[in-house]
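Visitor: Those sequence lines, one after another, are chains A, B and C. If you're matching positions, the first sequence starts at 1 in the numbering used here and goes up one per residue. If you're matching positions, the second sequence starts at 1 in the numbering used here and goes up one per residue. If you're matching positions, the third sequence starts at 1 in the numbering used here and goes up one per residue.
Incorrect hints may have been included.
No more than 30 angstroms apart at the CA atoms, straight line, and that leaves these computed lysine-lysine pairs for DSBU-like [unchecked claim]: (1) Lys80/C / Lys489/B; (2) Lys80/C / Lys17/A; (3) Lys261/A / Lys35/A; (4) Lys99/C / Lys19/A; (5) Lys105/C / Lys17/A.
Listed next, the stretches of chain A that the computed footprint assigns to chain C, with coverage defined by at least 3 CB atoms under 8 angstroms from CB atoms of chain C [as the list claims (entries may be wrong)]: (6) 25–34; (7) 97–107; (8) 307–314.
Please keep in mind that the hints were generated in silico from the structure rather than gathered at the bench. Built from N, CA and C at the ideal position, the CB exists for glycine as well.
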Amino acid sequence: MKVSYDFDSLISRFKKKDKIALAKLITIIENEPEKAHEVFKHFEDVKHDSYIIGITGSPGVGKSTLTGAICKNLLDEGKSIGIICVDPTSPFSGGAFLGDRVRMTNISLHPNVFMRSLASRGYKGGISRAVFDISLLYEAFGMDLIIIETVGVGQAEFDVYNLVYTVVVILVPGYGDAIQMQKAGIIEIGDIYDINKKDLGGEDVAVQIEMMLDDSTFQSGWRPPVTMTNAISGEGVNDLVQNIMDHKEHLELSETIDEKKKNRFRYKIRELVYSKIDKIISESVLDEKEINEIINHALDDGKFKIYRTIHNKFEDVNFEIKKR
Amino acid sequence: MFDKEYLEKIKSEKEKWEELYKRSRERDVKFVTDSEIPIKQLYTPLDVKDKEYLSDISFPGIPPYTRGVYPNMYRGRLWTMRLFSGHGTPEETNKRWKFLYENGETGFSAAVDALTFNGIDPTNPDAAPEVGTSGVPLYCIDSLFALTEDIPIDKISVALVVEPFTSAPVCAMYFNMAKMRGYDISQLTGTTQNDILTMTVGYIPYKNCAPNHILRLACDFIEWTVPMKNVPRWHPINFTGYNYREGGIDAVQELGFVFASACSHIDNLIERGWKIDDFVGRLAFHLAAHKDFFEEIAKFRAARRIWYKLMKDKYEAKDPKNLGFRFHVQTAGSSLTAQFPKVNIVRTAIQALEANLGGCQSLHTNSYDEAICLPSEEAALIALRTQQVISDESRIHNTIDPLAGSYFIEWLTDEVEERVWKYIDKIQKVGSIDKSLSSGFLYKEMRDAFHKRRVKIESGDEIMLGVNKYSVPYDTVTDVFRTSKEAIKIEVQRIEKLKARRDNAKLEKILDKLRNVCEKEENVMPVVMEATKEGATVGEICDIYREIWGIWEPPLAI
Amino acid sequence: MSDRKIRVLMSKPGIDGHWRGGIVVSRAIRDAGMELIFGGFQNVQQIVEAAIQEDVDVIGLSIHSGAHFAYTQEVIDLLKERGVLDNIMILLGGVIPAKDFAKLKEMGVANVYGPGSIVSDIVNFIKTHIKEK
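Throw the hints in and build the complete structure from the sequences for me.
Guide: This is the structure in structure tokens:
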């Protein structure tokens, strides 16, 4: 009863904007990353850039509802949007509860929107390894905008920062004081700050963010605006969307956008390269079993020997690169 | 209550008995109540030695009301036999109601369908398949006429089990219908459940509004009916713990939830400027009668004492008529099985007995096919006869509160009361009832309770005959009662006819007024009365709420 | 090397809000190492669109309204129309009379779970019957 999808037919259907094909290719890329180059070689003649927005914040701030409200606004303007929502994989079971889609039911049937829920699958930083790949696939598909929604707050958030052009940080009233925010590293990564659930208050949070910003310096002269929204009633969403578009315009006019794009590619290329190296080393120098032996030895009063052991392992190896 | 010297004697004799007991067997079972109160092998005067009969137990109809809320209880009047019922169309439900009335039912209770519950019209294609499948559709005033055709609503009390989101439109339709029939609504008796907790946890509402708006609607309805004297004999609210028990919480939590909810509503009304005695006498409760026989009885008795103390100490109610805890009971649906369903008749009978021995004012007994489908006529009749066997054949009501004085019962009543006070504190620390909802606190309590119970059942710690002991497959023999497939068509046509004859321009103006009222802090009822009289449907009223207040998404507690 | 996880959509067609069962099963599915996409209240079109975009292996329909035949048939018809029926397992849970199980299975439902079903049975059924694509 299982129908296996012919790869070539998937590619041709994808090019005809078939969402089923997009979904299937996402599955392939997420589960078999080694096949990614086979997929993307078919799009080497595609000349399209999407504008990429990251929406981030702690669980419970209303990110998904807000993402849905932002999308509705943009869809009404005729934009096409590819959404990626990432939720954490349970470190105990390896499974995940992906609960973002449920907050966006009202836009789910719009022909110009596609949404995929991803589990982090052990990847750090609040995102998953597949996020870049899928956003690239969305670009090949021709989406005007890509929105990446992730959970998390803190240093780890630097990861989503690398994959998008505009970062929107969502907070809620009662979030905590400025010192906490600074410690969490939030201030450095946001291009826009939004305080959701404004019906519960939030002016004090806004003030604190503004105070923090007063003490910061800004690259390229963009001082992050602070907005307040109620995602459920829609209040403030227009202003938030306007701020996002303003930031986009700012990046494009100041030509900083190219730096962001380069950053995104650098991040992925590094990851691909490291992944290859990791594989080669693991196959020819030091595999998981050997590493475990060294660890066990370290446990057994051998911890000061770690440096010498690894150093020697590599000294004992002759690297020869033969190009075919 | 006992002589000190004699107590010493009992104590030493008891120690001798305990020696005997130690040498005898004890079954390898956990002797605890459902809420995990540990229960000793024996209770004696020693366990109640500090109790004062007059101040702790007293007499029925006298503070602290432990023994009952009226001086004469069932010696004067039996509880109302009120079966929760509704299906298909108002006409079909009317037939079933008449059938039950002819067979001795003494009160009516309308179980509404999911569309009525959520304020959605059958013209919505996403909801249409569910018209009449889980209750009676009451979408417009014509439906209320059909439901009550030839039913003496001035003589028998009617309970409309709708919650705050739709209590205004549905009850307004009912009151308008009654007026048009020539009844004086200031004399009508009945109940609206109007319970904020029912529609927010365990049962997740579809496209409703945030809890603070729901609380406002609930209090608007209470205010308009009772202290504003429009329908002063009506019970505008039943604080309902039943649905929470169905979700897995225990008896202690049940009382905690309903009392915390009651306090929030009372506080809201007092903030509006009313005095406690203006309205509190008509506030009532709806509790479950669950599996643990004695704990449930103790729970009912403890509830009366707790409410009295809240009324006297916290709110300083003066009118003695307002100090009594009055409640309706439903036997526990979650205790019934789809495996070997006839056993459900026994379960329901035992639970009905609990309700009576606990002194309830009104009782619904479940039908045995409840776990499979809506009640068939025969199953509903058996449920009614269950109550009548107790009232007419068992003679347990020859005397009032027969279990009083039992060392075990009095001890357990105290124990439950003490635990409930602690739990009320825990909930109130989170804030008023709508805050405990919007913060997710109640959802977490529900989720944890349900998880705990599920683990108990799957491990066999809690026994469900037919499911985890003597397990058998699902029953396929019992007839499945199916609601009419024609209901969708009938109800859509009913609304179309109504829309054709009503003055749409006039209604539009009234609905605009409603928009206005929603934005302010005015009571919605007067406008809703006007709107439903002019033919507004339940969906049209609720769409205005949605438009003004936005659609709330309940927190997901996984 | 495949990092493939089984993906399950949990959905309630219609508006009846009895969600306890659906939420408990969702949790169990996550705890069993699968990825559970929570759809919540969805109409038939939204269910199918979600199943397609999320490329799920299983659709779980939670139905307590008595309207199980109507909804199930609509979901199956639409999945077929979109050409994705063959690769998706459909499971039903809720207040569904045992008498109706056989007909539902004929319609294309893989299994039906009535009240009191053991959650681990559902999880095991999925794991046994979903093979590597």
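Visitor: Evaluate each hint against the coordinates.
Guide: Evaluation of the provided hints:
Pair hint lysine 80/C plus lysine 489/B holds up; C-alpha atoms about 28 angstroms apart against a cutoff of 30 angstroms. With a C-alpha separation of about 20 angstroms, the suggested pairing of lysine 80/C with lysine 17/A holds against the 30 angstroms cut-off. A hinted pair counts as satisfied when its Cα atoms are at most 30 angstroms apart, and lysine 261/A with lysine 35/A qualifies at roughly 24 angstroms. Proximity of lysine 99/C to lysine 19/A is assessed by CA-CA distance (about 38 angstroms); at most 30 angstroms being required, the pair is judged violated.
The straight-line distance between the Cα atoms of lysine 105/C and lysine 17/A is roughly 34 angstroms, outside the 30 angstroms bound, and the hint therefore fails. Residues of the stretch 25–34 of chain A lying with their CB closer than 8 angstroms to a CB of chain C number 6, which satisfies the three-residue condition for coverage. Proximity of the stretch 97–107 of chain A to chain C, defined as three or more residues with a beta carbon under 8 angstroms from a beta carbon of that chain, is established by the 6 residues found. Coverage of the stretch 307–314 of chain A by chain C is violated [criterion: at least 3 residues with CB-CB distance below 8 angstroms; count 0].
Checked against the numbered hints above, the structure breaks hints 4, 5 and 8 and satisfies the rest.
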